[in-house]
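J.: Heads up: the sequence lines are chains A and B, in that order.
56 is the number that the numbering used here gives to position 56 of the first sequence; each next residue is one higher, with no gaps.
138 is the number that the numbering used here gives to position 138 of the second sequence; each next residue is one higher, with no gaps.
Take these hints with a grain of salt, some might be off.
As the list claims (entries may be wrong) - Below, simulated DMTMM-like cross-link-like pairs (lysine to aspartate or glutamate); rule was C-alpha separation at most 25 angstroms, straight line: (1) K149(B) <-> E47(A); (2) K57(B) <-> E117(A); (3) K106(A) <-> D12(A); (4) K19(B) <-> D91(A); (5) K137(A) <-> E47(A); (6) K19(B) <-> D27(A); (7) K137(A) <-> E90(A); (8) K57(B) <-> E165(A); (9) K57(B) <-> E177(A); (10) K149(B) <-> D80(B); (11) K106(A) <-> E117(A); (12) K57(B) <-> E47(A); (13) K19(B) <-> D44(B); (14) K57(B) <-> E77(A); (15) K106(A) <-> D36(A); (16) K19(B) <-> E51(B); (17) K149(B) <-> E77(A); (18) K57(B) <-> E90(A); (19) K57(B) <-> D16(B); (20) K19(B) <-> E179(A); (21) K57(B) <-> E76(A); (22) K106(A) <-> D27(A); (23) K149(B) <-> E90(A); (24) K137(A) <-> E165(A); (25) K106(A) <-> D11(A).
Stated by the list, open to error - Restraint ranges, calculated between C-beta atoms of paired labels, are given here: (26) D133(B) <-> N10(A): 20 to 26 angstroms; (27) A172(A) <-> A63(B): 30 to 36 angstroms; (28) G105(B) <-> E177(A): 38 to 44 angstroms.
The set of hints was computed from the structure by calculation and includes no laboratory data.
C-beta: ideal position from N, C-alpha, C; glycine also.
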Amino acid sequence: MGFRALRVINDDRIQPGQGFGPHAHRDMEIITYVLDGHLLHRDSMGERHILGPNEVQTMSAGTGIVHSEFNASETEEVHSIQIWILPAREDVTPTYQQIAFSPEEKQGQLRLLAAPEAGATIIHQDARLYVTELAPKQAVRHSLAAGRGAWIQVVRGSVIMNGQELSEGDAAALTEETEVTLAGAGSRGGEILLFDLR
Amino acid sequence: MSQPIVLVTFSCQTGDTEKLALSAAVGAVQARALIRLRRIPDADGNVQNTEVVRMRKEYVGPAEADIVGADALILAATADTNVLSPPWQNFLNLLLRLGKEDKLGRKVGASIGGLSPALAGLGFLTVTQLSSDPLVLGRSVAEMARSLKSS
Numbered sequence: 001m002g003f004r005a006l007r008v009i010n011d012d013r014i015q016p017g018q019g020f021g022p023h024a025h026r027d028m029e030i031i032t033y034v035l036d037g038h039l040l041h042r043d044s045m046g047e048r049h050i051l052g053p054n055e056v057q058t059m060s061a062g063t064g065i066v067h068s069e070f071n072a073s074e075t076e077e078v079h080s081i082q083i084w085i086l087p088a089r090e091d092v093t094p095t096y097q098q099i100a101f102s103p104e105e106k107q108g109q110l111r112l113l114a115a116p117e118a119g120a121t122i123i124h125q126d127a128r129l130y131v132t133e134l135a136p137k138q139a140v141r142h143s144l145a146a147g148r149g150a151w152i153q154v155v156r157g158s159v160i161m162n163g164q165e166l167s168e169g170d171a172a173a174l175t176e177e178t179e180v181t182l183a184g185a186g187s188r189g190g191e192i193l194l195f196d197l198r
Numbered sequence: 001m002s003q004p005i006v007l008v009t010f011s012c013q014t015g016d017t018e019k020l021a022l023s024a025a026v027g028a029v030q031a032r033a034l035i036r037l038r039r040i041p042d043a044d045g046n047v048q049n050t051e052v053v054r055m056r057k058e059y060v061g062p063a064e065a066d067i068v069g070a071d072a073l074i075l076a077a078t079a080d081t082n083v084l085s086p087p088w089q090n091f092l093n094l095l096l097r098l099g100k101e102d103k104l105g106r107k108v109g110a111s112i113g114g115l116s117p118a119l120a121g122l123g124f125l126t127v128t129q130l131s132s133d134p135l136v137l138g139r140s141v142a143e144m145a146r147s148l149k150s151s
């Protein structure tokens, strides 16, 4: 199941006032990215935060956490993407991270959201997650080192990936490519998550 | 070998007992159990403080299937909890009936707060209060449930 260390991508639309009650995770890197609306997070570590667009939240579940996520609004829907990545080792101490960035940082360029090193939220896996928002015909390139694979997830609009058109909700797994080229397509362009995985 | 399931059921009006219940649940998860968190419904449905309103939204009450499907049950309440209130009585009567039907005989029971007397005699194989630290209690209960499940 999954693609390399990537196990789950949940594309959730949460109605006003609704959400996911308290539930547990263990030994999983959980990354949440909100496209629209605001998500209220609470967990057993005592963290209580609201997550909105142009922010990323990463929880390392490690030895175990319990958390809940609810739409923080009584009027607006939340559209969020939640990603589960297997950690390279088990039983790490649970942690919570949340960072914000300006919209310009992802426009026409790749913005690192999660990685094993500083510069983004830190995960316990040799995997890097980027986001980019591309206007029509605007393009970005990403090189893949030998042996690495990429997962492309279109979260909004449409794009051309290495000559192939992908629309919202589409995904592609690349295993024998050395480069990924992404260009905005259609009248609105698109927003893409790019995973670079060992 | 499937993971043991630990049902953590609590009553709370302020969020304080919820924290103990969450801590017990984390302990169970640390011991690689699956957990279910359930909240006893309010005796007074008119209470409208922020924490109660939030918990009503986040939790459902315990159902018979939750108990039957669990390998261990942890009850959390404050020492002065009125177990004679209708919601607690309904829950304890449900446990009593399941005990008489021999559906608790291979389960571990444990309590946080003042509910040990209420658990005694219900038909659990073991009723324990291994630790006053809910995290340690949750871990120990999950480990006992795992041993029981594999025996």
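J.: Please go over all the hints and tell whether each is borne out by the structure.
T.: Taking the hints in turn, this is what the structure says about them:
no.	hint	in the structure
1	K149(B) <-> E47(A)	34 angstroms, violated
2	K57(B) <-> E117(A)	38 angstroms, violated
3	K106(A) <-> D12(A)	21 angstroms, holds
4	K19(B) <-> D91(A)	22 angstroms, holds
5	K137(A) <-> E47(A)	41 angstroms, violated
6	K19(B) <-> D27(A)	22 angstroms, holds
7	K137(A) <-> E90(A)	43 angstroms, violated
8	K57(B) <-> E165(A)	42 angstroms, violated
9	K57(B) <-> E177(A)	47 angstroms, violated
10	K149(B) <-> D80(B)	33 angstroms, violated
11	K106(A) <-> E117(A)	19 angstroms, holds
12	K57(B) <-> E47(A)	19 angstroms, holds
13	K19(B) <-> D44(B)	21 angstroms, holds
14	K57(B) <-> E77(A)	17 angstroms, holds
15	K106(A) <-> D36(A)	16 angstroms, holds
16	K19(B) <-> E51(B)	12 angstroms, holds
17	K149(B) <-> E77(A)	43 angstroms, violated
18	K57(B) <-> E90(A)	33 angstroms, violated
19	K57(B) <-> D16(B)	17 angstroms, holds
20	K19(B) <-> E179(A)	48 angstroms, violated
21	K57(B) <-> E76(A)	17 angstroms, holds
22	K106(A) <-> D27(A)	29 angstroms, violated
23	K149(B) <-> E90(A)	24 angstroms, holds
24	K137(A) <-> E165(A)	12 angstroms, holds
25	K106(A) <-> D11(A)	20 angstroms, holds
26	D133(B) <-> N10(A): 20 to 26 angstroms	34 angstroms, violated
27	A172(A) <-> A63(B): 30 to 36 angstroms	43 angstroms, violated
28	G105(B) <-> E177(A): 38 to 44 angstroms	59 angstroms, violated
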